[in-house]
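K.L.:
For reference, the chains in residue letters:
Number of protein chains: 2
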Amino acid sequence: MSALDSLKADLSGLQIEDNPQIVKQKSRDFFWYSPVLKQQLDHVTGDLVVTPKSEAEVIRVLKSCYAHDVPVTVRGAGTGNYGQAMPLSGGVILNLAELNKVKEIRPGVVVAEAGAIISKIDEETRAHSGQELRLHPSTYRTATIGGFIAGGSGGIGSINWGGLRDLGNVIRLRVLTLEAEPRVLEMTGEDLHKVMHAYGTNGVITEVEMPLTAAYDWVDVVVGFDAFMDGVRFADAVGNQDGLLLKELAPISAPLPHDYFLRHQKYIRKDQSVVVCMVAPFAMDAFAAFVGRQPKASILYRSDTVDEDAKKGLPPVYELAWNHTTLRGLRVDPAITYLQVLYPFPNHVEKVRIMTDLLGDEVPAHLEFVRFDGKITCFGLPVVRYTTEERLNEIMRLHEENGCPIFNPHRYTLEEGGMKQTDDVQLAFKREADPKGLLNPGKMIAWEDPNYDYSSDKLFLFPGLKRA
Amino acid sequence: MSALDSLKADLSGLQIEDNPQIVKQKSRDFFWYSPVLKQQLDHVTGDLVVTPKSEAEVIRVLKSCYAHDVPVTVRGAGTGNYGQAMPLSGGVILNLAELNKVKEIRPGVVVAEAGAIISKIDEETRAHSGQELRLHPSTYRTATIGGFIAGGSGGIGSINWGGLRDLGNVIRLRVLTLEAEPRVLEMTGEDLHKVMHAYGTNGVITEVEMPLTAAYDWVDVVVGFDAFMDGVRFADAVGNQDGLLLKELAPISAPLPHDYFLRHQKYIRKDQSVVVCMVAPFAMDAFAAFVGRQPKASILYRSDTVDEDAKKGLPPVYELAWNHTTLRGLRVDPAITYLQVLYPFPNHVEKVRIMTDLLGDEVPAHLEFVRFDGKITCFGLPVVRYTTEERLNEIMRLHEENGCPIFNPHRYTLEEGGMKQTDDVQLAFKREADPKGLLNPGKMIAWEDPNYDYSSDKLFLFPGLKRA
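Taken in order, these protein sequences are the chains called C and D.
Oh and the first sequence: position 24 is 24 in UniProt numbering, straight run, nothing missing.
Oh and the second sequence: position 18 is 18 in UniProt numbering, straight run, nothing missing.
No wet-lab data here; the hints were simulated from the structure.
Watch out, some of these pointers could steer you wrong.
The list makes no distinction among identical chains, and a pair is therefore deemed to hold if it is satisfied within one copy or across any two copies.
Heads up, simulated DSBU-like pairs for lysine-lysine below, C-alpha to C-alpha not over 35 Å straight-line [what the hints assert, rightly or not]:
1) K296 - K420
2) K38 - K458
3) K458 - K24
4) K120 - K101
5) K120 - K103
6) K103 - K311
7) K103 - K312
8) K26 - K420
9) K8 - K24
10) K53 - K101
11) K436 - K24
Please put together the full structure from these sequences, using the hints given.
P.N.:
Here's what the structure looks like:
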């Protein structure tokens with residue numbers, strides 16, 4: 001009997017899917033944002049999808065996978081676009097979609113199962129006590145909270161709260177190990193970093209405790225500018241207004257807003273750059289006063305005064321921002337791709353100017369203003385009009401040479417997409433929690449190849465990633 | 001019949017106090033924090049106190065004062081310590097204590113009458129929907145919201161929201177003019193600056209609309225350090241932690257904490273400096289993890305783990321901070337006074353070091369970390385072991401020479417305590433709203449003496465301030 005057959009026998013009674021077409025479809029995430037990853041990962045599939053209904057069932061799966069040496073790739077909604085959830089060695093796709101209950105809500109705190117959809121959590125916390133999560137990705141209505149913590153970094157709300165990595169933005173994680181007898185660990189404080197943004201390579205998050213903040217009926221606002229840099233300066237200034245409560249602040253260069261935001265197109269000229277904002281309703285007077293001080297700014301759209309019929313057809317502006325900007329671009333022009341850049345404070349505005357001058361319409365700018373180590377600065381998710389992988393690498397090198405670090409979204413490993421160095425804490429925890437190396441194989445280079453040279457431009461080639 | 005007798009006749013039926021002892025007592029604010037102001041203002045008194053019960057009654061008072069040319073000094077609880085509410089020309093003390101209703105609460109917003117006590121507003125907004133005001137002074141339990149807006153600048157909560165002057169921290173003010181027929185104005189956006197922090201010199205605020213934020217059972221924490229500068233660096237670092245929700249962050253140099261905080265004294269050694277914090281309860285794990293990273297920091301006191309009996313005897317830590325630090329000092333040593341300093345970002349920590357090295361125990365440091373124009377920096381409210389006015393002026397000059405602007409709390413005028421220049425917007429509005437110059441006379445130099453030289457060290461001598 002094969003390992004998989006033994007596993008299936010062990011897991012009888014659990015919800016298992018092994019139809020190869022369905023398994024392949026359920027193995028995929030949004031890796032295809034990247035033409036590089038698309039080529040590398042398009043054939044990847046797991047062998048079966050297991051959908052446990054309780055933590056006890058998750059433990060059964062992990063115990064059996066350990067016994068039979070079957071790889072396990074945990075998955076939320078598969079909305080990541082670094083290939084985080086792609087099962088490079090096949091095996092079990094551990095689908096946590098049915099671990100989706102909100103278990104407790106109190107002032108400032110929600111406890112939820114890892115598979116809960118982020119917007120569903122907010123629906124419950126809003127109804128309960130006018131609270132909502134601090135941070136969410138643009139895939140708010142599809143992504144799971146566990147997937148966000150394991151594979152995301154920040155998003156809407158980061159203009160106030162920084163990133164997930166910041167102390168205090170996750171309170172507690174409940175984590176299972178992949179051992180003969182899986183342990184249940186409760187992690188808080190310094191321990192959280194062991195498993196956060198580790199792509200599920202060193203533990204399975206089953207429950208999260210997250211801080212909440214006050215929920216509002218955020219007003220979607222699009223502010224227009226003739227010159228992109230005026231929009232950037234506006235965003236930097238408004239982000240530094242301490243009394244103006246925003247949840248989102250993203251300058252996007254012409255012609256992207258007109259070309260990609262099809263349902264908002266009627267509000268935006270082709271040569272117009274925009275700053276996309278979410279503003280607290282009671283801050284709109286102050287926001288409008290601030291816009292009034294900027295002769296080059298004009299409000300093109302605000303959801304609190306637009307007529308209800310017009311509004312119905314429009315997506316919320318958080319679905320114009322972060323990775324949704326790229327997603328909308330890909331729908332219009334499948335040839336584009338994108339980058340992720342940090343423009344470090346205090347020279348972020350000047351660095352944006354240098355890079356946009358240098359690269360022009362080959363790399364139209366999309367910025368996301370955030371709090372980063374206490375300062376207002378910006379990340380970039382510029383669109384790249386893709387030609388070759390060589391040119392893409394050159395564009396990245398130009399950013400790095402100008403002091404703008406790249407978080408490479410064309411790599412599926414933790415290290416290459418992040419800090420380009422071994423994370424000793426996460427590696428040490430993997431040794432404890434996944435001694436056989438079965439959790440999401442191939443994503444942590446430090447585990448696979450401790451001597452790997454991160455300075456290489458080449459993609460790390462996971463030996464287990466065998467072509468079918 | 002004298003003007004005052006005519007006024008009294010006009011106001012028959014209103015609550016009026018004219019017993020000179022009671023009027024003098026009700027004329028006073030906390031000007032005696034300053035030995036300079038104490039000497040200047042100790043004899044000042046109004047002629048009668050009028051306590052209207054409605055806005056209609058306020059209008060009656062204003063109309064009659066205009067008709068009979070009687071000065072009007074509006075007063076909340078008289079907790080200001082710049083002499084803001086001292087009636088330099090006598091006349092009517094307009095006591096708004098009975099205009100104290102909370103009129104409306106909705107998500108993010110409270111509407112209250114100007115005389116409402118700040119902590120009472122929070123009691124109602126907390127009970128209604130778990131919300132509270134963003135900012136309050138250390139005189140939370142006695143000060144009125146209108147007095148805070150007319151005479152204050154920030155306080156507890158400024159670490160998150162900046163100051164009252166920042167767009168968005170006040171939504172709307174309802175203001176009466178002092179004319180033959182007083183007008184009722186609703187001010188929002190850019191107009192707010194006309195009357196905010198104008199000491200009631202150009203209008204009478206009767207109603208305020210303020211933003212709310214989420215209310216929590218804040219944990220009082222005192223963190224101890226052997227060296228004051230280690231406390232300053234800790235505060236600067238923790239203030240820049242975007243995910244750690246604090247409401248107050250104040251380093252105070254030894255020996256002040258031990259000597260002045262008598263009921264907390266058992267927790268603090270005489271040679272120990274402290275950082276006083278208010279931390280969201282759900283952030284305590286993260287806060288403790290952050291303290292754990294600093295080998296020189298130790299938590300001396302936290303209100304969430306101390307035994308209930310011990311806690312009962314202790315004031316909340318916001319009553320150790322801002323102007324309450326000085327107040328507690330004055331109770332122990334009436335010879336001290338204080339200053340108000342800005343240490344500008346990004347050199348604030350270094351500037352604090354320079355000034356504390358320079359002035360030693362003559363000027364023990366007390367800092368308040370705040371958001372200021374989007375950055376975390378600190379104000380100082382250092383204690384001054386007072387000798388002479390000349391030395392006090394020299395200490396202020398030393399600050400200015402080292403690039404640390406002083407907001408002089410030993411001056412009763414708007415200009416001398418603030419930016420040392422005419423505020424054209426407030427002056428223009430006074431021309432409209434108080435054509436006879438009857439509102440809080442002597443506080444706006446630009447009105448009294450348009451050619452005044454602000455570079456002088458000397459106190460502006462209001463001609464109307466006649467010695468009894």
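K.L.:
For each hint, tell me whether it holds in the structure or not.
P.N.:
Going through the hints against the structure:
Taking the closest pair of Cα atoms, K296 and K420 come within 35 Å of each other only across two copies (32 Å); inside a single copy the shortest separation is 40 Å, beyond that limit. In this assembly of identical chains, K38 and K458 lie within 35 Å of each other by CA distance solely inside one copy; the values are 16 Å within and 74 Å between copies. In this assembly of identical chains, K458 and K24 lie within 35 Å of each other by CA distance solely inside one copy; the values are 27 Å within and 82 Å between copies. When the C-alpha separation of K120 and K101 is checked against a cutoff of 35 Å, the pair qualifies only within one copy, where the shortest distance is 9 Å, while the shortest distance between copies is 38 Å.
In this homomeric assembly, K120 and K103 come within 35 Å of each other (Cα to Cα) both inside a single copy, at 13 Å, and across copies, at 34 Å. In the homo-oligomer, the alpha carbons of K103 and K311 lie at most 35 Å apart both inside one protomer (34 Å) and across protomers (32 Å), since each shortest distance falls under that limit. For the identical chains of this complex, K103 and K312 are neighbours both inside a copy (32 Å) and across copies (34 Å), given an alpha-carbon limit of 35 Å. With identical chains, the CA atoms of K26 and K420 are at most 35 Å apart within one copy only, with a shortest distance of 29 Å there and 67 Å across copies.
Taking the shortest Cα distances, K8 and K24 sit within 35 Å of each other inside one copy (18 Å), while across copies they are farther apart (89 Å). Taking identical chains as interchangeable, the C-alpha atoms of K53 and K101 lie at most 35 Å apart only when both belong to the same chain, with a minimum of 11 Å there against 52 Å between chains. For the identical chains of this complex, K436 and K24 are intra-copy neighbours only, at 25 Å inside a copy versus 82 Å across copies, given an alpha-carbon limit of 35 Å.
When held up to the earlier numbered hints, the structure conflicts with none and fits them all.
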